[in-house]
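Residue numbers (numbering that gives the first Met the number 0), protein chains in the order written: chain A, 0 to 653; chain B, 0 to 653.
In case anyone wonders, no lab produced these hints; they're calculated from the structure. There could be a bad hint or two in this list.
Identical copies look the same in the list; a pair holds intra-copy or inter-copy alike.
[What the hints assert, rightly or not] In silico BS3-like links for lysine-lysine, alpha-carbon gap of 30 angstroms or less:
| id | residue 1 | residue 2 |
| --- | --- | --- |
| 1 | K332 | K107 |
| 2 | K332 | K406 |
| 3 | K107 | K236 |
| 4 | K317 | K146 |
| 5 | K107 | K331 |
| 6 | K161 | K429 |
| 7 | K285 | K354 |
All figures in this text were calculated on a predicted structure; none of them were measured in a lab.
2 protein chains.
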Amino acid sequence: MSKNLSGRSRCIIENVAPEIDGGKFPIKRTIGEKVVVEADIFADGHDVISAVVKFRNEKNPGWTDAPMKFFEDDRWRGEFAVTELGNYFYTVEAWINRFQSWRADLKKKLDADQNVFVELLVGADIMEEAAARAAGADADTLRDWAKELRGKKFAAARALDKALAGLMNRHAGRKLASVYEKELRVVVDRELARFGAWYELFPRSFGGFHGCVKQLPRLAKMGFDVLYLPPIHPIGKSFRKGKNNSVKCKPGEPGSPWAIGSGEGGHKAIHPELGTLKDFQHLIAKAREHKIEIALDIAFQCAPDHPYVREHPQWFRKRPDGTIQYAENPPKKYQDIVPFDFECDDWENLWRELKSVFEFWISHGIKIFRVDNPHTKTFGFWEWCIGELKAGNPELIFLSEAFTRPKPMYRLAKLGFTQSYNYFPWRNSKDELESYLISLTQTDVAEFFRPNLWPNTPDILTQFLQMDGPAAFSIRLALAATLGASYGIYGPAFELCENTPREQGSEEYLNSEKYEIKHWNLSAPHSLDALITRVNGIRRDNPALQSNRNLIFHHTDNPELIAYTKSTDDKSNTVLVVVNLNPHYKHSGWIDLPLDELELDRQKTFQMHDLLTDARYLWRGSHNYIELNPAFSSAHIFRLRRHVRTEHDFDYFM
Amino acid sequence: MSKNLSGRSRCIIENVAPEIDGGKFPIKRTIGEKVVVEADIFADGHDVISAVVKFRNEKNPGWTDAPMKFFEDDRWRGEFAVTELGNYFYTVEAWINRFQSWRADLKKKLDADQNVFVELLVGADIMEEAAARAAGADADTLRDWAKELRGKKFAAARALDKALAGLMNRHAGRKLASVYEKELRVVVDRELARFGAWYELFPRSFGGFHGCVKQLPRLAKMGFDVLYLPPIHPIGKSFRKGKNNSVKCKPGEPGSPWAIGSGEGGHKAIHPELGTLKDFQHLIAKAREHKIEIALDIAFQCAPDHPYVREHPQWFRKRPDGTIQYAENPPKKYQDIVPFDFECDDWENLWRELKSVFEFWISHGIKIFRVDNPHTKTFGFWEWCIGELKAGNPELIFLSEAFTRPKPMYRLAKLGFTQSYNYFPWRNSKDELESYLISLTQTDVAEFFRPNLWPNTPDILTQFLQMDGPAAFSIRLALAATLGASYGIYGPAFELCENTPREQGSEEYLNSEKYEIKHWNLSAPHSLDALITRVNGIRRDNPALQSNRNLIFHHTDNPELIAYTKSTDDKSNTVLVVVNLNPHYKHSGWIDLPLDELELDRQKTFQMHDLLTDARYLWRGSHNYIELNPAFSSAHIFRLRRHVRTEHDFDYFM
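Turn these sequences into a full structure, and let the hints guide you.
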């Protein structure tokens with residue numbers, strides 16, 4: 000019987016949500032967001048139950064209660080908001096509310112005209128017990144009530160008094176309450192973890208850090224929040240790759256920034272051609288002036304001439320011929336890269352050293368890391384490393400670049416990665432986009448996996464982008480920037496609609512910037528910079544676009560037209576996006592809007608304001624016509640302007 | 000880093016199934032059944048993984064391995080059979096299979112004609128490590144292989160030898176294996192927990208225990224496994240209920256057996272009019288001779304004159320006027336019943352005493368208990384009580400009679416109840432039956448909740464049964480006995496198609512046997528005994544009908560016709576049931592059989608043998624015609640007889 004410390008606690012609490020892998024992993028929120036907690040709560044018999052969500056910030060030992068309400072089928076719901084960075088904890092408490100049970104029964108008995116003399120005495124006892132828990136005026140009031148109930152002249156219906164019920168709830172007896180056996184965790188990040196626009200460029204193509212500084216005003220004007228740089232470290236010289244990933248490297252070719260380390264240093268050094276550490280810190284500071292943050296790429300792999308290989312040979316796998324095992328995916332060989340051996344005996348020192356790489360850059364002002372191929376390093380390392388780093392620096396953001404199978408990608412997110420690359424680049428048709436985005440935003444996945452949508456990267460020039468020039472790029476931009484609260488572009492190539500693959504069927508760029516220095520003419524007339532600027536402005540002005548969970552797809556009668564809305568909780572901001580997914584042809588069709596969900600009156604006209612073109616359309620009812628010609632625009636991004644009132648012949652929209 | 004005792008274990012094991020409420024509750028099986036375990040298993044990188052389900056009986060500290068196989072999307076599956084009563088435990092172990100990884104890479108390199116000189120040396124090292132783990136001949140063989148691989152003349156392709164791969168798997172290095180963090184439990188019951196036919200009767204209507212003994216040959220012939228008796232204890236005298244639940248009881252009226260306890264004794268006593276304890280033990284012994292077990296009803300509530308009320312007043316709630324609180328569901332009062340107060344200070348002694356009631360009857364030979372209204376007693380009590388009792392008596396069976404909301408019903412099953420009453424009595428239409436049975440048999444619910452299907456009980460005369468006589472009863476019998484591996488009837492009333500409600504709209508019987516002694520003419524010509532005998536015989540002869548998880552519904556083009564199959568795992572026994580759900584009218588239609596799932600050749604004729612009528616039909620293809628006239632029979636119970644071969648003009652079916 001020892002297991003049941005109090006066998007008298009009669010409430011059952013089960014199936015608490017959100018709860019990831021039985022509470023093994025935390026859910027994620029950003030500051031100001033709410034956590035809606037649900038649980039199945041019930042007890043034996045028919046007594047009335049009360050329940051609360053208990054929550055606390057990690058710095059605060061004391062719990063705060065948020066009330067839960069029954070909504071259906073023994074399911075209860077409550078919510079709280081997170082207002083500080085770091086960890087929150089939550090659990091559920093429920094108890095038999097003896098007073099409310101008594102009150103409900105009393106009402107039924109009174110309705111049936113039964114004698115309730117003894118019931119009033121029972122009620123008086125319950126009130127006196129509550130008075131003993133209360134203090135001051137509340138205690139006095141409760142004792143007065145108890146005395147009254149015991150009086151011969153008491154009119155029984157008065158015991159149903161609402162103020163009394165409220166007072167009794169405040170002093171409910173929780174001695175026999177049940178508390179859910181787990182304390183569940185929330186990791187609270189800053190807003191940029193949820194909402195932001197990323198821009199990737201290779202600093203060496205812009206003249207190093209000084210050149211990057213010159214790009215900042217333009218990027219700020221375009222509305223980017225994060226400037227992400229591929230690895231900035233010295234590049235290996237042995238087995239260096241040449242232009243177009245050639246195994247032969249001609250003299251003067253710069254090599255891939257992901258082949259890290261040379262005699263000039265490793266993961267804590269800067270490639271001399273980009274500038275000095277001081278130059279880098281200058282870039283960080285100037286970016287901050289433009290409200291742009293620098294994100295650094297951390298790729299845990301070494302060129303064969305990386306200092307680690309010499310200094311810590313025990314971290315690499317040795318082959319029987321005495322050489323170090325290079326990376327391979329047979330029959331392919333990557334002789335310019337040697338991987339760490341996470342099974343090595345000295346794994347603890349390896350882990351510590353890798354963590355110290357992050358710490359080095361954090362100490363120089365970096366708070367955002369894009370992590371290269373985290374799925375090829377042991378998973379346990381990430382849980383430990385990110386956990387340790389975020390304990391002291393809850394503002395850190397880690398973007399996981401794991402393009403692998405879904406479950407390893409989700410696991411990395413559970414283990415601590417703040418955001419994740421994902422399959423968006425390859426989801427093109429309406430069905431593909433809808434089912435994938437629903438899986439990311441409308442399931443438990445949304446609790447721990449924050450997608451960052453990239454239409455292109457230096458590694459990914461999709462078949463879709465290769466199809467056609469500006470229209471294909473515009474389509475993918477509109478989708479990425481409105482489906483995803485976080486999105487990013489490999490910027491120069493995207494702005495200029497660069498779409499030539501290395502060869503037919505390849506997703507690699509011809510003359511990829513990964514292996515050579517490029518000179519981009521960013522003021523070319525075909526640049527998409529104006530569109531990008533407009534889209535980023537729309538994102539900033541419309542809070543509905545700053546979340547993912549509020550995504551709702553709508554029916555269209557043409558499979559080339561995709562339509563979806565996002566709304567703020569209070570419906571004060573609703574954005575409807577319609578995209579013609581075909582970059583070649585005009586498409587038209589009818590879309591169906593759920594007027595009730597959008598809180599629209601089906602008798603009244605409402606205005607759809609296209610924020611891309613500033614055109615305004617008057618719509619009425621759920622069924623509405625759309626026509627999009629890629630020659631002009633592939634997308635509408637409508638802000639819904641609700642009808643306020645009609646005075647004479649003037650219409651006002653808010 | 001302390002949390003990661005070995006950061007070198009690279010395999011991730013998650014989403015293990017079955018796992019009920021994060022492993023808090025066990026799954027259920029009967030002896031001989033298998034447990035299919037699935038898990039998501041993956042690691043960083045591209046190495047080859049091996050995995051096993053580890054399982055053990057509670058009496059055995061050592062684990063046995065059952066191999067797991069990858070089947071899709073990082074999901075693996077393995078299985079084991081349970082062969083002893085009591086508890087089993089299972090978990091999952093996975094490791095990087097270094098040899099298999101090496102072998103897979105070697106093959107790719109050989110296919111690409113690469114030089115593998117160094118790879119062979121690596122392989123030799125791996126083999127020598129395995130040899131050190133192996134012993135005897137295996138070790139010698141592995142060392143020989145290693146030596147050969149190091150030889151200059153070794154033909155590399157020979158290293159792909161299958162026998163070598165098998166040998167290496169047997170001695171795989173599991174030093175860095177990952178083991179799932181939970182040990183999950185299986186409760187293993189005897190076969191009767193899964194498969195059985197129950198018959199309920201009131202012994203007092205048959206002249207007490209001696210009269211029951213006389214019923215045994217008939218019940219055995221009809222094919223019943225369990226004879227369930229309502230409470231056999233002394234019945235309270237104060238506030239005793241009269242005929243038809245009247246609050247006024249005339250002298251000589253026997254009262255409800257569920258109003259337990261009087262001056263003659265309580266839950267451990269026998270009502271003198273039924274016989275003595277010795278008579279009861281004689282009934283148990285005679286029943287055993289007929290392969291029938293007696294199930295006892297345990298109803299934890301007291302008549303006001305139960306000895307507990309006097310001896311343990313602290314177990315009941317006292318009202319301020321000094322009286323004991325009787326049961327009520329306002330405005331209804333049940334003054335013939337006083338409930339236990341599970342919140343009382345002396346709860347531990349209350350729990351012990353209630354458990355001792357079971358122990359008393361167990362010591363007198365009872366192994367099956369039907370528990371009355373368990374959802375009105377504190378849930379924690381059942382987990383503790385059933386857990387303690389089954390620890391010493393794993394053959395015990397507890398049937399939960401909780402007709403309440405789904406979640407409390409499921410919770411009781413999780414807490415330990417072996418079987419459960421359920422909503423079957425009120426699921427009448429095809430849609431209702433299909434969705435409900437799917438929820439019970441094709442979801443996680445099937446892991447812990449074993450439905451026992453009762454078309455009627457002394458409390459439940461459904462509207463459906465009231466509609467029409469024999470046809471309605473035949474329909475519900477066919478459904479209960481074939482949808483449910485366990486089913487039961489409140490027998491005399493069911494056999495005789497007793498269907499008069501107390502009043503229009505009521506589900507209570509007129510002149511209910513709960514409040515009076517009945518005299519049943521079981522040899523009346525309209526009795527369904529022949530049909531029941533036939534159905535029970537079919538259930539015994541066809542193992543497909545002895546499980547629930549194998550239930551598959553099939554499409555019919557007439558909503559009055561429901562069709563489903565059950566098959567044994569090896570498909571040696573397949574039963575197709577088709578029921579006309581309308582008791583009034585003939586219905587016909589076409590049903591679609593999934594030939595591939597049933598492993599039927601679409602080019603060959605197969606035979607459908609109606610085991611109810613012995614009629615045989617030749618079918619071919621998936622689309623087949625059915626016609627059922629309730630005037631003759633409302634159901635087909637077909638055994639599928641597969642076509643074996645044709646010799647000249649003879650057809651053979653097996």
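For each hint, the structure was consulted:
no. : hint        : verdict
1   : K332 x K107 : between (80 angstroms within a copy, 12 angstroms between copies)
2   : K332 x K406 : within (27 angstroms within a copy, 57 angstroms between copies)
3   : K107 x K236 : between (87 angstroms within a copy, 29 angstroms between copies)
4   : K317 x K146 : between (87 angstroms within a copy, 20 angstroms between copies)
5   : K107 x K331 : between (79 angstroms within a copy, 9 angstroms between copies)
6   : K161 x K429 : neither (53 angstroms within a copy, 47 angstroms between copies)
7   : K285 x K354 : within (27 angstroms within a copy, 75 angstroms between copies)
Taken one by one, the earlier hints fail for this structure only at number 6.
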